[in-house]
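Novice: Sequence:
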Amino acid sequence: MPKLSAGLLLYRRREDGPEVFLVHPGGPFWSNKDAGAWSIPKGEPAAGEDLLIAARRKMAEETGFAPPGPFVPLEPRRQKAGKLVHAWAVEGDCDPA
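Numbering follows my numbering, in which position 22 of the sequence shown is assigned residue number 22; successive positions increment by one, without gaps.
Note that these hints are calculated values from the structure, not bench results.
Since the model is a prediction, treat every value here as computed from it, not as a measurement.
Each residue gets a CB set at the ideal place from its N, CA and C atoms; glycine is no exception.
Do not rely on the hints blindly, as some may be mistaken.
What follows is a list of derived Cβ distance ranges for each label pair [what the hints assert, rightly or not]: (1) E44 x H24: 35 to 45 angstroms; (2) R14 x A46: 30 to 40 angstroms; (3) E15 x L84: 32 to 42 angstroms; (4) E91 x A37: 18 to 28 angstroms; (5) P68 x A46: 19 to 29 angstroms; (6) R14 x G48: 14 to 24 angstroms; (7) A47 x R13: 18 to 28 angstroms; (8) G17 x G48: 16 to 26 angstroms.
Could you build the full structure based on these sequences and the hints that come with them?
Specialist: Now the structure itself:
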């Protein structure tokens, strides 16, 4: 069975177009690596965990922000390494600054 990941694509509307919220992995492997490193907050679900619940949990763990929804399912995408990523779009305003 392929590995799974679940995440949220948080966006907000601006006059000049939408903005999306992305995160950058930490640790020594990712230092000074930006190209292709930015992603939606996501992670692997716990055994038996609902994918949307996992996506919401990972967003809260990684950002401290828990958007209330509604959540719009997006088409799952397979990463180069084979992991299948399930994502939901959600409108919200999270400004980490």
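Novice: Each hint: holds or not?
Specialist: Quick rundown of the hints versus the structure:
no.: 1; hint: E44 x H24: 35 to 45 angstroms; verdict: 18 angstroms, violated
no.: 2; hint: R14 x A46: 30 to 40 angstroms; verdict: 35 angstroms, holds
no.: 3; hint: E15 x L84: 32 to 42 angstroms; verdict: 36 angstroms, holds
no.: 4; hint: E91 x A37: 18 to 28 angstroms; verdict: 25 angstroms, holds
no.: 5; hint: P68 x A46: 19 to 29 angstroms; verdict: 22 angstroms, holds
no.: 6; hint: R14 x G48: 14 to 24 angstroms; verdict: 39 angstroms, violated
no.: 7; hint: A47 x R13: 18 to 28 angstroms; verdict: 37 angstroms, violated
no.: 8; hint: G17 x G48: 16 to 26 angstroms; verdict: 39 angstroms, violated
Checked against the numbered hints above, the structure violates hints 1, 6, 7 and 8; every other hint is satisfied.
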